[in-house]
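Q: Sequence:
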Amino acid sequence: MSATGLQKLAFVLLILLQLGVATGLLGGF
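Going by numbering that gives the first Met the number 0, 22 is the number at position 23 of the sequence shown; the sequence numbering is gapless.
These are computed hints drawn from the structure, not numbers from a lab. Hints are not guaranteed to be accurate.
[To be verified] With a straight-line cut-off of 20 Å between C-alpha atoms, the simulated SDA-like cross-links for lysine to any residue are:
| no. | residue 1 | residue 2 |
| --- | --- | --- |
| 1 | K7 | G23 |
| 2 | K7 | G19 |
| 3 | K7 | L18 |
Full structure from sequences and hints, please.
A: This is how it looks when you write it as structure tokens:
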């Protein structure tokens, strides 16, 4: 994979992780 592809993949994973944490916190309350 190219460096740009890896950066895109890392960016998407970071967003998914943040969404998962936010959903988990909202679900906790």
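Q: All hints are to be evaluated individually against the structure, with a verdict given for each.
A: Hints, one by one, checked against the model:
1. K7 x G23: The given pair, whose Cα atoms are some 24 Å apart, is violated under the 20 Å limit.
2. K7 x G19: holds, 18 Å
3. K7 x L18: Given that 20 Å is the threshold and the Cα spacing comes to 17 Å, the pair holds.
The structure fails hint 1 only (numbered hints given earlier).
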